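Peer 1: Residue numbers (the UniProt record's numbering), protein chains in the order written: chain A, 1 to 247; chain B, 1 to 247; chain C, 1 to 247; chain D, 1 to 247; chain E, 1 to 247; chain F, 1 to 247.
Think of the hints as simulated: they come from the structure by calculation, not from any bench. Heads up, a few of these hints could be off.
As the list claims (entries may be wrong) - Beta-carbon label-pair distances, calculated as ranges:
#1 A/D214 - B/P244: 27 to 35 Å
#2 F/D144 - A/D131: 23 to 31 Å
#3 A/G186 - C/V241: 51 to 59 Å
#4 C/V241 - A/D131: 21 to 29 Å
#5 E/S191 - F/D56: 52 to 60 Å
#6 D/D17 - E/D56: 35 to 43 Å
#7 A/D145 - D/D216: 33 to 41 Å
#8 D/R128 - E/D246: 21 to 29 Å
#9 D/E238 - E/D246: 21 to 29 Å
#10 F/P244 - E/D246: 32 to 40 Å
#11 A/G186 - D/D216: 30 to 38 Å
#12 C/E238 - B/D145: 49 to 57 Å
#13 B/D131 - E/G180: 56 to 64 Å
#14 E/V116 - C/V116: 45 to 53 Å
What the hints assert, rightly or not - Listed below are several chain E residues computed to face chain C (Cβ distance under 8 Å; list not exhaustive):
#15 A8
#16 A35
#17 P63
#18 A245
All figures in this text were calculated on a predicted structure; none of them were measured in a lab. Note that beta-carbon positions come from the ideal geometry of N, C-alpha and C, so glycine has one too.
6 protein chains.
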Amino acid sequence: MQLDLTDATWTDVRDADTDLALLPVGSTEQHGPHAPLGTDALHAETVAEAGAERYDGTVAVAPTISVGIAEEHRQFPGTLWVSPDTFRRYVRDVVGSLAYHGLDRVVVVNGHGGNVPALGEVTATITRHDDAYAVPFTWFDAVDDHGSDMGHGGPLETALLRATHPELVREDRIEEAREGASEGWGDWVSSTNLAHDSAEFTENGVVGDPGAGDADRGEELRELAANALDRLLQAVAERDVSRPADR
Amino acid sequence: MQLDLTDATWTDVRDADTDLALLPVGSTEQHGPHAPLGTDALHAETVAEAGAERYDGTVAVAPTISVGIAEEHRQFPGTLWVSPDTFRRYVRDVVGSLAYHGLDRVVVVNGHGGNVPALGEVTATITRHDDAYAVPFTWFDAVDDHGSDMGHGGPLETALLRATHPELVREDRIEEAREGASEGWGDWVSSTNLAHDSAEFTENGVVGDPGAGDADRGEELRELAANALDRLLQAVAERDVSRPADR
Amino acid sequence: MQLDLTDATWTDVRDADTDLALLPVGSTEQHGPHAPLGTDALHAETVAEAGAERYDGTVAVAPTISVGIAEEHRQFPGTLWVSPDTFRRYVRDVVGSLAYHGLDRVVVVNGHGGNVPALGEVTATITRHDDAYAVPFTWFDAVDDHGSDMGHGGPLETALLRATHPELVREDRIEEAREGASEGWGDWVSSTNLAHDSAEFTENGVVGDPGAGDADRGEELRELAANALDRLLQAVAERDVSRPADR
Amino acid sequence: MQLDLTDATWTDVRDADTDLALLPVGSTEQHGPHAPLGTDALHAETVAEAGAERYDGTVAVAPTISVGIAEEHRQFPGTLWVSPDTFRRYVRDVVGSLAYHGLDRVVVVNGHGGNVPALGEVTATITRHDDAYAVPFTWFDAVDDHGSDMGHGGPLETALLRATHPELVREDRIEEAREGASEGWGDWVSSTNLAHDSAEFTENGVVGDPGAGDADRGEELRELAANALDRLLQAVAERDVSRPADR
Amino acid sequence: MQLDLTDATWTDVRDADTDLALLPVGSTEQHGPHAPLGTDALHAETVAEAGAERYDGTVAVAPTISVGIAEEHRQFPGTLWVSPDTFRRYVRDVVGSLAYHGLDRVVVVNGHGGNVPALGEVTATITRHDDAYAVPFTWFDAVDDHGSDMGHGGPLETALLRATHPELVREDRIEEAREGASEGWGDWVSSTNLAHDSAEFTENGVVGDPGAGDADRGEELRELAANALDRLLQAVAERDVSRPADR
Amino acid sequence: MQLDLTDATWTDVRDADTDLALLPVGSTEQHGPHAPLGTDALHAETVAEAGAERYDGTVAVAPTISVGIAEEHRQFPGTLWVSPDTFRRYVRDVVGSLAYHGLDRVVVVNGHGGNVPALGEVTATITRHDDAYAVPFTWFDAVDDHGSDMGHGGPLETALLRATHPELVREDRIEEAREGASEGWGDWVSSTNLAHDSAEFTENGVVGDPGAGDADRGEELRELAANALDRLLQAVAERDVSRPADR
């Protein structure tokens, strides 16, 4: 059950009985000619809400951080970003304020691949050095076999949009999107990606086929992600979060 | 006319012909027992959208930064904050990414008094040292005579909520809100506020009478703020933003 | 009674019985063709000494920080500045060292408008996170009705110089100063100042009429400021500075 | 062909004709009771030298950075670490000094999984904002099918040590190492690793079977890694490293 | 000839024809029971003024930075300090603002041993990376054979005070000062000082005999230091400050 | 007796009974046409090992930090450096991790003059603010009368190389090295070094005569340095490292 920290009053939070919080983080960045810049933020929010609703207990849900680490897409107009360092500081501070109120078991619900390394780092820092336990959850890593289809502005993200924000998918540009898409992410030699910017390997920003996922698939993805998040919340709620003893 | 950077695609931004952008910033913090924690973020968004719609030309609107500088309210559960330094970095980075795409005349639309000093500083830094011109606009400073009624979770903020998000105002707690409110902000001696935290002078977080503003007043506030922002956008669009010559 | 930390020995400080300190901060920046660059630092020092003398008890007075936040005047030769971040660090460190010796109730006596936002921020940070209580005191905000006349290098500052450092006022340039002055500070649209640098609105750096304040007025200003600071010291000395309990 | 920057003189570097450099980075951290703390640094050095020798051209090899990001192993005595931020700064500065001399195509040869996210970030930052092109190369990601056997102090690392530094493998503790080992890395729920420290899931620090790799396998690993690095150097030498145009 | 940046107006600086500036930096720290906390700042100011007066040309003199790096004396009440990092930033920013106006050959006139390493570092950084040339000048290193007598609150510093600020020397505590003094600075083994704080080796903060220098010696010191600074100003004025070519 | 933290296992460190550690730090920088870039790192390592072996007790020896503060040599190809700030952070973090395991009496064994000021600062910071006691030891300051012969790539450094790494001394370039050498370090006026880069005063990077020290002298230097370090370790082991009481 979600306690939305935008809508709730401070007295509602005072009266709630939980130490669990979700912090949705996304990105505002190109997702091809057919999908909105806000895709990753919208998806993080969608999954956070669905997971919180599924969970048998109260979970505070913080407002979404909509701009993340996306400089790799800077060649595409409208892409917004902050530096990795700024992003980590912002997330760490927000989690610190959640923990100040006893909401000290925090799952950062993430909708953007570019945020993953920074979230791994900052949740470890928080857990080791601050007064909170935090872990990241990236929704498209927790949707079973669908994961291998991820791409960028591709089958999964477009499908989930069709289920949740169909008006934001430009169906009349899908063909164009497909044609300018690259097949895979990056430009690899010896397991090293030589490309630091997505414009080095994709013409229109798309990776994968945005036509390969309809609204039904989108519903399934939401379901899978929400269930995975629910299981994670249960595990986080029960976990012994004290740090292990020195050997 | 607003170009919403959450909903638009990168090709939409590429095809738009503007150098103007709005960046709404708010806060997620106590607003008494009757008003939502998200009040300041919601209001910043409301005003930014209304101002952009009124403006005769295209204005990009970035996603709202919902957590700002609010440690002064930390004693009230649910209040979120980042440090002033983190806030400035985040705003500066986002504006920098807007400017990267030529959206280099930016008005930061602000809904929270606690953000004002940091926004003055960071917009000056951006204008002097980065490739953009930026100014802050705090809506409740631009609503004519209403301004003196501001308070916190008081007449103005509650009125605007009644006009835009009536379901988020707990009307049944207005009496309680009024009774625990303080009359003014701070604890002053010799023009110095001795109180660094709001809990030093308000019992329930409210300053002013939340009953003193109905939805009609809220509509008027939105109208006034939107008009003021429209005028500001015109001035920013036309301004010679080159720095003056050394004397 | 002032304990001057430049003149005192460490044994004098050891033997003093007080937890009160003043830290004067000013600026070295253009004040028109008639007034010295050091005006703000000199005034902060004047007021700090006068206030300490008036106070019934011992008050340590730290050496003046003469360079503050003044990049807005950079187009005028001789103006010195540090970044806001550097300024906050410097003030915070100095206050930390005062507090190390038990001088942990500190009033930062300020002579420069450009320092105000940073001082509000850093004194709050110190009070919440360090082992001291600190507040800022800006002298020209505490001189009753005179305040509205402030300007820059205008009536008040010139008057106070005439009372305390008459040799530093170039009376033969007053006419020139008046003629190149602007009437108000900034360039405003919708309550937003579009000008980040003073050179955008004043030809010679002056705001207001530097002829409108003689030495008598200067003496009155010193008296008013000293009394206000005395009252503030009393309040700070008696204040319960423990942070309020969480709600 | 390697130009060792520890052994060479400055005149040797001046006379060399190359823009390629390798920067080996490792870690000094627990590798079970049988393998030395320096395993990751030794391996990075081994692979860098072997790759440089294989390459048909001159490659400068910087001295190894032996302490990396390893706080996750802190419960095991002797583990050394720096913060991720310090690590990134150190690597960025060193690469900057290489580039100052025209060695501006840099491969960071990495021997430690915990360094991977930070190296991805810092090489992107360098490439986008500094005067160099940099990519990371993690040797155990480039050894074909062996990769899935990685573990920690497990088959691969122990095998490579047996080939290169047999005297540092405590063969008499292999049985003990095997018995206290965990099977996999981490403690996973919904694709999220709940464990931030290795001591949460391994008793003696080992993951995988350290007996499952003899010196022959070690030689094969060195060969595979050297070949992969050689191919990468060729690709880096020929790559157009200018950043792509804005769309 | 000195152009005092506290007393001058901006028009005076505009009309001056020089690129030379002095920035006096001192410390506010214990100097025994007989000498004032401000000794180092006063001496830096004395020497800067005397050197500027001697120099045949105009030299701008910035206001004194009175608090430096002195945490080593923290056990003695009244000692003030900032962190080395804060000190470097403050000096760098001030020098940057001097250089903005073309005062880009700066001698930092120093009165405190504890500032020496940081000044060496920051002047090198400024010279290499900013738009200015800067060097430090520590007065007691430039007084010929007297130098070996330096101590702390000892012969030299007390003598110079007797010449310049006799009212600040507590002559009636000289005997006490002498008795509690240590003979040398530090606690040395193998050329390493094991003591990080002065309280580890001096009882009352004094090193050396404060009785061993009368006002005449003080005058001689001022003369020697002023002459040395004059020579340095000449050398700085004439120096080719372009950085040498790469080899 | 040395416990080498590269070769040891974590269980070896667990079983050792000591709180003493050495951290060798050097530089990779020009040492003339005849001596290797790695001279300073090699010498720090040599001395650390010899000192640890001499000491009657166990001393952990961390891996060498090979790149230090050497921007002053940047005009000479192959010279590597990090900023002073990065260097201090790296050293502080590594010492912090040593102390985490109880190795909290640390001697930083230094082979490079350019590191000296930063090491003085960071060891003081560590000792005052972290959970460790640290001091720097610079080998060439502890070799009795030899010290005055130091130079750069000169008699001492070349002699020690001849004793420890004769294959790295290009004997056939000694004549050339001598001819392009300068006699002293720097370009001095009034005790101030006007040169921030070594290229301002030495043609080939050498200071002093590299022919003036044979392998025997090198052995003597190693002996002297090792003995000095042994004495220092004894003093550090026995020292009361609690900070002195406030006066």
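Peer 1: Could you tell me which of the hints above the structure violates, numbers in ascending order?
Peer 2: Failing hints, ascending: 1, 2, 5, 6, 10, 12, 14, 18.
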